[in-house]
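Engineer: With the hints as constraints, model all of the structure from the sequences given.
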Amino acid sequence: MAECEFRARVMRYHDGELAPSERRKMAEHLARCPDCARELACLQALTRMVTDLPAPEISGAALADLHEGVGHVRERAITRICRPAALAAAMVLAVCAFWLHQVQPSGTAEARPPAAWEAAAATLDAELVRADGGNSFALWMVEGLSRENGR
Amino acid sequence: MMSEQPEANAAEEASLTITDDELLADARRGDEGAFHQLIDRHADGLFRLAFRLVGSTVDAEDVLQETFVGAFEQMGRFEGRSTVKTWLSRILVRQTARFHRRRSRRRTVALPLAGATGDEPDVRGRTSVSDDANRRLDVDRALRQLSPEHREVVVLREFGGMSYSEMAEALGIPVGTVESRLHRARQALKEALNDYLP
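Read top to bottom, the protein sequences are chains A and B. Heads up: the first sequence begins at 269 in my numbering, then just goes up one per residue. Heads up: the second sequence begins at 364 in my numbering, then just goes up one per residue.
These aren't lab readings, by the way, just hints derived from the structure by calculation. Just so you know, even glycine gets a beta-carbon here, dropped at the ideal spot from N, CA and C. Hints should not be assumed to be uniformly reliable.
As the list claims (entries may be wrong) - One side only, chain A facing chain B, incomplete, derived with CB under 10 angstroms: (1) 283; (2) 285; (3) 287; (4) 288; (5) 300; (6) 306; (7) 309; (8) 310; (9) 325; (10) 326; (11) 327; (12) 331; (13) 334; (14) 337; (15) 340; (16) 342.
To be verified - Here are the in silico distance ranges between beta carbons for each label pair: (17) B:394 <-> A:284: 33 to 43 angstroms; (18) B:439 <-> A:273: 43 to 53 angstroms; (19) B:497 <-> A:351: 35 to 45 angstroms; (20) B:535 <-> A:291: 26 to 36 angstroms; (21) A:343 <-> B:497: 42 to 52 angstroms; (22) A:358 <-> B:468: 35 to 45 angstroms.
Structural biologist: Have a look at this one:
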């Protein structure tokens with residue numbers, strides 16, 4: 269005996285997957301086709317049996333673990349972002365410190381001899397400078413710098 | 364003191380009116396509390412799915428943990444084409460598949476029977492093995508003996524209440540494949556549970 273043409277759609281009817289017009293047609297068909305009606309009863313019984321299984325509930329401790337787990341992910345994400353940033357900052361600092369240590373104010377890496385006014389200033393008697401209000405020291409500085417600049 | 368209770372109720376009501384999509388959007392903007400609300404909303408339903416997919420409460424808890432961690436990490440990529448529930452279910456299904464792969468690398472056995480692992484959900488008031496309890500054990504056994512692909516569609520449909528298109532989205536397969544898998548899975552269940560069917 270050939271299978272009913274509606275048979276393939278019984279499962280979709282059971283699962284609420286048919287469009288309203290198709291659903292109406294199927295309902296009419298079910299009223300007069302015992303095979304399809306039996307198939308539908310079978311699917312309904314199966315669904316009842318499966319959904320009738322006891323449903324376990326998540327424990328309070330497991331729920332707390334879920335919340336905690338997400339908190340750890342956030343911390344890990346922050347660490348993941350911060351670690352390379354901190355490493356980069358440390359490297360920049362190290363390079364700067366090395367550069368400051370090596371490079372002189374003139375911008376060259378080679379050490380230059382002190383200017384005359386610097387040498388003079390190093391040997392100046394603090395009392396003498398204080399005595400003329402620092403004028404002679406200022407004069408030496410100007411003269412020294414002028415010489416350095418080729419004036 | 365008297366006004367605290369109505370205020371708390373109002374806050375609870377307000378949190379219930381916020382949709383999943385709004386909560387996820389808030390979480391994506393950095394509101395961690397919004398993501399915790401999503402956990403509270405969906406943990407129980409997803410746990411039941413996980414339990415039916417992996418077969419024990421301990422494994423279900425692990426899979427669920429990985430699911431929410433995965434969701435937290437991937438929420439920036441959620442495009443809103445499905446509901447948040449379907450999106451979470453998809454992550455759960457992926458984590459379950461991972462779980463099965465890991466387990467199959469270690470050993471190849473069918474899911475243990477609930478009663479055999481002490482994980483059978485509590486059937487309260489059962490003093491002797493009744494017909495109902497026997498039937499439940501048989502249904503549980505039949506469900507566990509399905510292939511993982513067939514179990515997925517049955518669990519998502521019957522316990523998750525998902526439509527074919529939602530299942531297709533969650534499983535990453537065409538709707539037609541969902542339908543044929545579900546049909547074959549139900550055929551297998553019908554054969555295993557024939558004695559209980561009309």
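Engineer: Run every hint past the structure and note whether it holds.
Structural biologist: Here's how the hints hold up against the structure:
1. 283: holds, 7 angstroms
2. 285: At about 6 angstroms, which falls below the 10 angstroms cut-off, the nearest Cβ of chain B leaves the hint on residue 285 (chain A) intact, so it holds.
3. 287: violated, 13 angstroms
4. 288: Violated: closest Cβ of chain B sits about 15 angstroms from residue 288 (chain A), beyond 10 angstroms.
5. 300: violated, 18 angstroms
6. 306: holds, 7 angstroms
7. 309: holds, 5 angstroms
8. 310: holds, 5 angstroms
9. 325: holds, 6 angstroms
10. 326: Interface hint status for residue 326 (chain A): holds (4 angstroms vs cutoff 10 angstroms).
11. 327: It holds, given that the least Cβ distance between residue 327 (chain A) and chain B is near 8 angstroms, below 10 angstroms.
12. 331: With Cβ-Cβ at 6 angstroms, under 10 angstroms, it holds.
13. 334: Residue 334 (chain A) check passes; min Cβ-Cβ to chain B is 5 angstroms, inside 10 angstroms.
14. 337: holds, 5 angstroms
15. 340: This hint holds: residue 340 (chain A) lies near chain B, its Cβ roughly 8 angstroms from the closest one there, short of 10 angstroms.
16. 342: Hint on residue 342 (chain A): holds, closest Cβ of chain B at ~6 angstroms, below 10 angstroms.
17. B:394 <-> A:284: 33 to 43 angstroms: With a Cβ separation near 36 angstroms, residue 394 (chain B) and residue 284 (chain A) satisfy 33 to 43 angstroms, so the hint holds.
18. B:439 <-> A:273: 43 to 53 angstroms: holds, 49 angstroms
19. B:497 <-> A:351: 35 to 45 angstroms: violated, 58 angstroms
20. B:535 <-> A:291: 26 to 36 angstroms: About 28 angstroms separates the Cβ atoms of residue 535 (chain B) and residue 291 (chain A), which means 26 to 36 angstroms holds.
21. A:343 <-> B:497: 42 to 52 angstroms: holds, 49 angstroms
22. A:358 <-> B:468: 35 to 45 angstroms: holds, 41 angstroms
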